[in-house]
Amino acid sequence: MTNEFLPPGLALQKADERIMTLNVGPQHPGSGHMRIIVQIDGDYIVACDPDPGYVHRGEEKMAEYRNYITNIPHLERPVIHDSCNVLYPYVLGVEDLLGIEVPERAKYVRVICSELNRCIYTMYWLAIYGIFLGHSTMFMWPAGDRELLIDLMEKISGARVTHAHFVPGGVRNDLPPNFEEVCLRQVNYFEKRIREYAAVFYDNPILISRTQDTGVLSREDAIRLGVTGSVLRASGVDYDLRKKEPYDVYEELDVHSNVMKEGDSYARSKIPWLDMLESCNIIKQALEKMPKSGSVRVKLKPNPKGKGLNSVYKRVESGRGSLGCHIVSDGKVEPYRLKLSVGSFRNLIALPYLLKGEKLGNMPSVYWSLNYWPVEADR
Amino acid sequence: MTNTATGIIRALNSGIKHIATKRFTLRYPEEKLKFVGDGYQFDPSTGVGIAGLKGRHMLFHDHCTGCQLCSIACEGVAEAIAMVKVPDQQKQNKKSIMPQIDYGKCVFCGLCVDACPFYALYMTNDYELSSFTKEGLIYTPAQLQVKPYVAQDSEIIITKWGATHG
Chain B
0 MTNEFLPPGL ALQKADERIM TLNVGPQHPG SGHMRIIVQI DGDYIVACDP DPGYVHRGEE
60 KMAEYRNYIT NIPHLERPVI HDSCNVLYPY VLGVEDLLGI EVPERAKYVR VICSELNRCI
120 YTMYWLAIYG IFLGHSTMFM WPAGDRELLI DLMEKISGAR VTHAHFVPGG VRNDLPPNFE
180 EVCLRQVNYF EKRIREYAAV FYDNPILISR TQDTGVLSRE DAIRLGVTGS VLRASGVDYD
240 LRKKEPYDVY EELDVHSNVM KEGDSYARSK IPWLDMLESC NIIKQALEKM PKSGSVRVKL
300 KPNPKGKGLN SVYKRVESGR GSLGCHIVSD GKVEPYRLKL SVGSFRNLIA LPYLLKGEKL
360 GNMPSVYWSL NYWPVEADR
Chain X
0 MTNTATGIIR ALNSGIKHIA TKRFTLRYPE EKLKFVGDGY QFDPSTGVGI AGLKGRHMLF
60 HDHCTGCQLC SIACEGVAEA IAMVKVPDQQ KQNKKSIMPQ IDYGKCVFCG LCVDACPFYA
120 LYMTNDYELS SFTKEGLIYT PAQLQVKPYV AQDSEIIITK WGATHG
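Going down the list, the sequences are from chains B and X. Those letters in the first sequence? Residues 0 to 378, by numbering that gives the first Met the number 0. Those letters in the second sequence? Residues 0 to 165, by numbering that gives the first Met the number 0.
I should point out that these hints are in silico values taken from the structure, not numbers from a laboratory. From a predicted model like this one, the values you see are computed outputs, not experimental measurements. Do not rely on the hints blindly, as some may be mistaken.
List of simulated lysine-lysine pairs, BS3-like, C-alpha gap at most 30 angstroms [what the hints assert, rightly or not]: (1) K93/X / K191/B; (2) K159/X / K288/B; (3) K21/X / K191/B; (4) K146/X / K159/X; (5) K104/X / K60/B; (6) K104/X / K283/B; (7) K283/B / K93/X; (8) K298/B / K104/X.
Computed, partial: chain B to chain X, Cβ under 8 angstroms [said to hold, decoys possible]: (9) K154; (10) N203; (11) G356.
Glycine residues also receive a C-beta, built at the ideal position from the N, C-alpha and C atoms.
Bound conformation, chain X alone (with noise of 0.2 angstroms):
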């Protein structure tokens, strides 16, 4: 008997010292996380990725060559990359078709990033991807090349007092 009572008494203590404590919660829409890098980019000359938030991605037009490597590598994995004409002639695009990205059915993994040996396509820390409708989550060249503004500000804070995201 004596076991149980101090058992819930010790429970209870417990509990009662997170009072004092702060509040861990991310408040969202005001609050952002801030994260590593610019986004995931991948360095063809040595093999090797470098780290960063895998989210929307950034096409440099004047990079992309029009090889459709970024293609083949999403084939089997989400067949989210079509490739499409585009206006603008590019020197070094004979064929003028580039990546257009369907973000309905893109599961991040990066592989095509990691596919791309021009330094193309990375990702950026652009998440918030949502849309009323089923097109306007079809990314076209011209929205791949325009570099997102993401404010990124909150980080986890470990103190005496608990862990606070600020």
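Next comes chain B alone, as it looks inside the complex (with noise of 0.2 angstroms):
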């Protein structure tokens, strides 16, 4: 059997006395199963080859057997922390293929459900990056934190993971009475206490001697590999879809992107820190601007058809860069084609141009500062 049928990775290789080929995985660290395979000389990396695919669940193919409310479960499974924004390019795309205005209020609640997942989703990562780093505290915290902002997605939808919560058309159901309230006094101690992160992790001798100058990603080769997101800010290039194509209410609402030069494992998992606090201010910005009453959802009939051959491509800005979803319908009741473009995917190429000339102990918080989401990029 020649190499070009077997699978990377198992595939034959000419001897080396100085290569070896080490598999690192399919394991499954805390996210879903990825493996990269890297060849090794020494202690330094000469070539990484990650292999994407363990979690592949057919989602796309998936959503041209379901009609357009259906949908709407399974589409959030890729990423369960973050499934408002996972959702969000898909409700909006299909609103403007039913042709629907959605209330001033329900944009509001969406607005405030998106941030509030973009942290809950941003402190998973973060504690995922403590156990990478072999950084306990750093797993304890977020995980701890985490719970005040799950908390109230629970008060909002019902549920605490998968919530299920945006449809075409507006929201499921309605603020709880005095939300308003606990929302501000929970998200300002959430506030506080991802400000204390900075002494322990960001200001940390150890930290930064484990992240700085590791895997340095430049301004052109961000721009030139197609990353986004995070990793693309981290890289000095100010790119951020609330800002620049905004969605929803976000153009009344002040949104300020944060943007390092480094472009190094430091600067890539700061930056998620600096989108919570910013994501933070938003919050409580749209729960000050926010229609005090009003209708959050508009009726649609029960099983609603897009008019004749149409398509639509929308991208928010989820919590690991641009995430875009293409429907193409055909006058049914299902999607006839569903694509969801990730950012995990776009971040993952990277990763092959950063690991080359690094050592083999530096490969777990380069991977991780990548803001990559196995199970996202497989879909």
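Take the two lone chains and join them into the complex the hints point to.
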């Protein structure tokens, strides 16, 4: 059997007395299965081949057999911690196809849910980054403080993860009574807590020595490779879809995108933390500007259909970068084709470039700083 | 060097401060979280849901007409709802069929509650559904009729000394 028919990593290679091939994984570091095939020369990585695809669920094909409403619960499965943001482009796209105008209050509720979910995802990501670096406090603190926001999402939607809260035409239910007060109190405390992280993690010389100057992605390379989200902003490119292509009510809110110039693992790990502080700011603004009463959902017909052959592409800024959804409708109750274009997969492309010449011990810190979620990349 | 030393001292200091703060952990079987309202409900006249936890369902036999809309809503989501014959005759339920829910399959999305136009189905705060057998997870209409008793008292309390469940 020749090499071309064998899966990567199993292919026979010429014996080399210096280069050794290592299979890191398939393992499940709290996120989904992934494998990285690295070739090392002593302690240094010569080549690296990330191998996604272990958690492929066929979400896009499944969506072709379900109608626009029953697609909602399974489309948020790729990232259960960020389920509102995963559903956001789909919901915006379906609204565009059906020609629905969403009530003003529903848009604000969506922004609040989306920002809460971004924080919940980022805290989980940060907790796992702590495990990757062997920093057990960095695992315990974010995993605990995340509970404050999960509690808020539970009050809004009734579920801790996979909320199924966004629907075409608004949101499923209105906010519970005196939610604004509870939300403001818990978000303020959450903000105070994550400010404390600076002393323990980001100014900590131990974490800095593990992450600084490892896996440097220059501004030019970041644009050339097409990375998105926090990885792009850590390399000095000011690109945030909430600012550049505002959807829903983001244009009425004051959104500030955080940019760092270094492009190393430290910058990539710090940008999500700065984004969380920004999210807290956006939530407070949205709570202030939100209409105090009003409808949150437009009534739809039982089985909504798109008008004729039509296609729409919408994208939002998720916790992992730009997340796009392309829906093609042919006038039936099911979409003809649904394509998710996710930030995780785009960020993974940068990994072989970043790891070349690094030490093997730096691999976890570079890999997880890319804000990559295996399940989302595989769909 | 001094920078490294101060950094480590700051990190340690921040950790030492947490000896005085209260513990945030919820001691689960003894303490249970307090949820909003009675559970997730849907008001078909306004078309909007009422916030609450999406736990086990509750079925009102005197409202259910056996229209199967909940079962149709579950198609393509979890296929957890099956319509079964019930012995008791209801005036509004000519076919005498009512939903039976398999909690081994249910994903607790609540689309069946949104689908019911007769206020017959809503979701309660009961989330402790574990069973030793697969059959134990299948709830018949008679079991769904029972309103669960859920003791919930703990809330997140934020004080100057940190957040705690109390």
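Results of checking the hints against the structure:
Taking the CA atoms of K93/X and K191/B, the gap is about 59 angstroms. The hint is violated against a cut of 30 angstroms. Proposed proximity of K159/X and K288/B is supported: the alpha carbons are some 28 angstroms apart, at most 30 angstroms. For the hint linking K21/X to K191/B, the alpha-carbon distance of about 16 angstroms falls within 30 angstroms, and the restraint holds. Only pairs whose Cα atoms come within 30 angstroms are accepted, and K146/X paired with K159/X is rejected, the gap being roughly 39 angstroms.
The suggested pairing of K104/X with K60/B holds, with an alpha-carbon distance near 21 angstroms, which does not exceed 30 angstroms. Restraint check for K104/X and K283/B: the C-alpha separation of about 38 angstroms exceeds 30 angstroms, so the hint is violated. Taking the CA atoms of K283/B and K93/X, the gap is about 52 angstroms. The hint is violated against a cut of 30 angstroms. As the CA atoms of K298/B and K104/X are separated by approximately 28 angstroms, the hinted pair is consistent with the 30 angstroms bound.
The beta carbon of K154/B comes within 5 angstroms of a beta carbon in chain X, closer than 8 angstroms, and the hint placing it at the interface holds. A distance limit of 8 angstroms between C-beta atoms decides the matter here; for N203/B the minimum to chain X is near 5 angstroms, and the interface restraint holds. With a cut of 8 angstroms, the hint placing G356/B at the interface with chain X is violated, because the nearest CB-to-CB distance is about 26 angstroms.
Taken one by one, the earlier hints fail for this structure at numbers 1, 4, 6, 7 and 11, listed in ascending order.
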